[in-house]
Amino acid sequence: MTAPRLLDRKLIFVTGKGGVGKTAVAAALAQLGATQGKRVLVCELDAKGDLASSFEAGPTSFEPRLVAPNLWAMSMDTEASLRQYLALQLKLPRGQYVAPLARMLDFVASAAPGVREIVTVGKLCWEVRERHYDLVVVDAVASGHIIGQLAAPQAINRLVRVGPIRSETGWVLDILSDPATTGVLAVATAEEMPVTETIELVGRLAKETTVGLAGVVVNRVLPELFGNREEEIFEALGEPEATAALSAELGGPAGPLLEAARLMVRTRRARAAHLERLRAFLGPSVPVLYVPYLFLRSYGLRATRQVAAAIAAEMES
Amino acid sequence: MTSGPPTPDGTARGSGQGPAPPPEEGSGAIEALLAAKEIAVVCGPGGVGKTTVAAAAAAMAAWHQGGRVLVITVDPARRLASALGLPAAGDEPEQVPRSAFRAAGAAPQGELWAAMVDTKRSWDRMVTRHAPDRATAQRVLTNPLYQDIAGRFVQSHDYIAIERLYELHSEGAYDLIVVDTPPSRNAMDFLLAPERVADFFASRLLRFLTVPYRSRLVDVASRPFYYVADRVLGTQFLQDIAEFFILFQTMSEGFVRRAQEVGRLLTDRRTTFVVVTTLGPGPVREAETFMSMLPSRGLHLGALVLNRVLPGYLLADGLQERAEALCDRAGELAEALCQASAPLAGRDPSQVERVLCEVGVNFNNVGVVARREANQRADLARPPRLSVSVPELEDDVHDLAGVLELGRYIWAARGAPLQ
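Order-wise, the sequence lines are chains A and B. Numbering-wise (my numbering), the first sequence opens with residue 7 and increments by one. Numbering-wise (my numbering), the second sequence opens with residue 260 and increments by one.
Hints are computed from structural coordinates only; laboratory data are not their basis. Each hint should be verified, as a subset may be incorrect.
Label pairs and their calculated CB-CB ranges [claimed, not checked]:
| # | chain 1 | residue 1 | chain 2 | residue 2 | range |
| --- | --- | --- | --- | --- | --- |
| 1 | A | 250 | B | 576 | 14 to 22 angstroms |
| 2 | B | 430 | A | 212 | 37 to 45 angstroms |
| 3 | A | 292 | B | 642 | 41 to 49 angstroms |
| 4 | A | 311 | B | 326 | 50 to 58 angstroms |
Built from N, CA and C at the ideal position, the CB exists for glycine as well.
Bound conformation, chain A alone (with noise of 0.2 angstroms):
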């Protein structure tokens, strides 16, 4: 049996260490999606308003958006997304009751375990559910937090012997659980803490969710500037002889150009390590995709776009 390809998933939560890139990777994931031609929603969990920036598009909220052709984004907001679930679910008159009450409930969420995740992860399943796009794009929560919310529906059940909320764990634990529907997409750097982060991300996925994982993202992979040879000829250039002779024929100095150089084969090479240990622990059954780091003068949808086109290039290898 084939694994799914990634695209050809439902529900795809992209996670990792703070800072690694997630939401960029996200919106690219889901620029990637809508391209293809399938009807994304994009949503970000934390509202931080990076992933409006990511497609230059003006602030998200938990209503979708259209923000390119056949991409839509919203951001999550358990107390709108629990007011939309009385309202759908338990067929509660909208009345005058229904915002207070929706309040009281967000704060019972805050209390009980589980509560506000389910309510989050069961917006997402419900969009899955009645297919209202093709794909769906969850810029999730850092690593630390998203088995939580990924284990929502095992943790309701735990604590939560009768009611309306247990019985609808069932069918949102069946999305979350299968394979072909489902994935968890792990967005890492080539440093330490990141693959380190990520590596417990994986065992814990396996142990405590039913969530399959659905690849790996390194991002920000600096490029090999010299091959075997190259390198030696480089290293000659820095010798003081060299680079005398090459500040003279320039009519400055060059020592900062090679210093700049060095910088970023170092750099590399120490990279290397981490994410040599990274690819020995996920084995060669997990796809891993390499995106470039980005020499960008800003952020913004140039950037989203060509995340998406190395995604893509890495998906076809």
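Following the hints, put chain B in place on chain A, whose structure we already have.
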């Protein structure tokens, strides 16, 4: 053994042999800031290196200022603990062995201590402290909901870190405590945590929840709430929650008083906030919001640390043009070098050409990022007077020497401390 700084050596990690100036030490502004404070809270967006910056600041203070310095970290991977030579460090502070400093070429004037916050144990301790009697404490600790709740509600991670800080500060055993704040979804959560704990216990909703089941039926105001809550959560679950919170409420007075005291400690003049960020647009935005929030909450911003910044030499005049020339004239330059320069004699000019071109392209790539970072820095709406840049180190910090190397950059920064 000398007590002076190690001589910056050209092959040190980080600055390398290049034009990046090795930091000078002594009488820096962060030094003055930390000398005048009892608590430094290191905070900022996720993934910017808070933990390492906190350890570096504490290690430098212990080295140069003497006294007992404590760093409280929440590093889940315990990488910092092992970097400090304390693989077993736990909830109770442990001293970093002097031999670790000696191995890093430093003779510290004071002591460096480190503690890792253990959330679960801290919660248990708080419950035991605030419960009216042992029996209630036991009932809470053994309640099945407690296990799930202790880790979750009201940003417990954030609160626990400050609570632990308060506890250790009131022991009075340390001259300076540096706190590494937990990786929250949002840097602001940390500041709001004590307030949220107080709000939580004061809330009308908590009272609703804990009204005994029978008497709720006569309470007209709460009836619609229970109607919905029953339908969503189920009566049984609601009762379980209610029972748990009735127990918990017996501790509310202690909890709330403590949260208020903890909040006061943060606004105290003896406490300073050090904001850490990288120069990426997302982190900068978050750090700025955070910095603008501090004064309105009566908190004192001491310094801004810009971490993993590209070296300033990349912005020097004329370099961009030379990099362009390197690409444009690579062939001609390669020929000339292969003929005239001994280290390159006998090399294949076409390979030399490729190397030169690669060097030029790389410089322009890195230059774009360096300029973006410079702009980002210039755009900081309210840069504190004390801003420190720490370069991107080529390797991760994994021993005390690495921690101190980073510390040298922080220590060397000049400028007037804010508060």
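For each hint, the structure was consulted:
1. Between residue 250 of chain A and residue 576 of chain B the beta carbon distance is about 20 angstroms. The supplied range of 14 to 22 angstroms therefore holds.
2. For residue 430 of chain B paired with residue 212 of chain A, a C-beta distance near 42 angstroms keeps the hint of 37 to 45 angstroms intact.
3. In this structure, residue 292 of chain A and residue 642 of chain B meet the distance hint of 41 to 49 angstroms, their C-beta atoms being roughly 43 angstroms apart.
4. Under the hint 50 to 58 angstroms, the C-beta atoms of residue 311 of chain A and residue 326 of chain B, about 54 angstroms apart, fit the expected range.
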